[in-house]
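Visitor: Listed here are the chains, written in short residue letters.
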Amino acid sequence: MSEATVLSNLVLELRRGTQMISVLSQLQKNQYGYSLLQDLQKMNINIEAGTLYPLLRRLESQGILESEWDTTESRPRKYYILSSLGKWVLIELKNEWYKLAKEMDEIFMEEIK
Amino acid sequence: MKNIIERYVYDVMRRLPAENKEEIEKELNANIEDMLGEDRSEEHIEEVLFELGEPRLLALQYQTKERYLISPANYDDYIRVLKVVILIVISVTLFSGIIDLLIDLGSFTPWEMVGHVFSKLVGELISSIVTAFALVTLVCWAVEKAEEKKKFRNWKLKNLPELPKQNVYKINRTGAVVSLIIETSFSIIFLLLLINYLDYLGIYENSVMVAPIFNKEVVQAFIPLLIVSALFSIGVAILRVFYAAWNVKFTSIYSLGKIFTSIVTIIFINYANMFNILMFNKIAEYLEITTNEVVNGFERGIKIFTIVICVLVVLDLLSVWNKTLKNQKN
Chain A
39 MSEATVLSNL VLELRRGTQM ISVLSQLQKN QYGYSLLQDL QKMNINIEAG TLYPLLRRLE
99 SQGILESEWD TTESRPRKYY ILSSLGKWVL IELKNEWYKL AKEMDEIFME EIK
Chain B
2 MKNIIERYVY DVMRRLPAEN KEEIEKELNA NIEDMLGEDR SEEHIEEVLF ELGEPRLLAL
62 QYQTKERYLI SPANYDDYIR VLKVVILIVI SVTLFSGIID LLIDLGSFTP WEMVGHVFSK
122 LVGELISSIV TAFALVTLVC WAVEKAEEKK KFRNWKLKNL PELPKQNVYK INRTGAVVSL
182 IIETSFSIIF LLLLINYLDY LGIYENSVMV APIFNKEVVQ AFIPLLIVSA LFSIGVAILR
242 VFYAAWNVKF TSIYSLGKIF TSIVTIIFIN YANMFNILMF NKIAEYLEIT TNEVVNGFER
302 GIKIFTIVIC VLVVLDLLSV WNKTLKNQKN
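In order, the protein sequence lines correspond to chains A and B.
Heads up: the first sequence is residues 39 to 151, going by the numbering used here.
Heads up: the second sequence is residues 2 to 331, going by the numbering used here.
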């Protein structure tokens, strides 16, 4: 494995952990699968379509998301939004993220000293 | 290409459980339509489907349960058991296959024989390996299922292996596995010979048996005892794989097994009327001496053989106990 691949694999792994927070954060408003995918891609969050769509279903089965079919348009679309459990989970994950970021900062500050 | 989207969706759907299938299908179709937008050219359809990825992998993402028979944690044990069992099956099958071939050898021309060897021996070999593979997999899968139901923390600290001591007489792992394979194959082959092929063991003249080696009734009466003895020695051989070093507990079991099987062997060969008098007559005929002389010589041979067995067993036990007691001191 080249040095670049080793690094890019590690970066990918690091980012994967934060994927879930990004996805949930974009679901505070109604979104259908493709609109969510586009939003995430605009924010440089790399998640594949084949990963995102099944993920939405899993989150729904865990009660984190709620869904509704919109049949008023020419094409039916399934819209997802955070449930009350999902809203709480997002707040907790955000807190965890800030804590983690602070801890990492402290680790790096230690190194500088 | 016709109906390419339908074919893609179908390929994903046929891999999913019936539950929620319709819903997933409807959603997947809607997602594909959204991704396509107005541009429905063949190139764009292709691009979208490649973005969604291989149907097999997409379907996997929709699955929630773990999907395997043997988990990675148990995989090494599974492969180890598989190797040992398959080696035993191969040696037993080869042996019984060759005996079968020898029995009806006379009725073939050389060319027929080659064909026969290939069709029969290879066929039996393949079918018994496949059966062994299936059975081991099935058993390991059942063990896996049973373990799954147990609590998460089901291993005990006291079951952790002892650290290997310095200067300790270890049981060689590879040696133990090899002796397990040999022990098991040999026991099965020996029992097979006595149970299935007893009628074929004898002296042949022009492909016709003229004198059997054993007295059938006497041998048959012995078979249950021989089976117990074989199971005993196989059991000890299995234990040997799991013990890292000679300790009092294992050495006691080992000694007991060794003594028991030796006693059974000695009784078996020394038992009155075990061997057929017709065989002795035939040998006497060949050597041009009296039957009595043959029987006497044979009995002397058996006596020497018995003594050799006893000496070997005693030497083996002495060396094993020597190692055990030295280990005990360290």
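Be careful, since some hints might not be right.
[As the list claims (entries may be wrong)] Using 27 Å as the maximum straight-line C-alpha spacing, the simulated BS3-like pairs for lysine-lysine come out as follows:
#1 116(A) with 66(B)
#2 116(A) with 22(B)
#3 159(B) with 146(B)
#4 159(B) with 116(A)
These are computed hints drawn from the structure, not numbers from a lab.
None of these values were measured; they are calculated from a predicted model.
Visitor: All hints, please: hold or fail.
Guide: Each hint tested on the structure:
1. Only pairs whose Cα atoms come within 27 Å are accepted, and residue 116(A) paired with residue 66(B) is accepted, the gap being roughly 24 Å.
2. At roughly 15 Å between alpha-carbon atoms, residue 116(A) and residue 22(B) fall within 27 Å of each other, so this suggested pair holds.
3. Taken as a hint, the residue 159(B) and residue 146(B) pair is honoured in the structure, with Cα atoms around 24 Å apart against an allowance of 27 Å.
4. A C-alpha spacing of about 54 Å is found between residue 159(B) and residue 116(A), which places the hinted pair above 27 Å, so the restraint is violated.
In this structure, only the earlier hint numbered 4 is contradicted, and the remaining ones agree with it.
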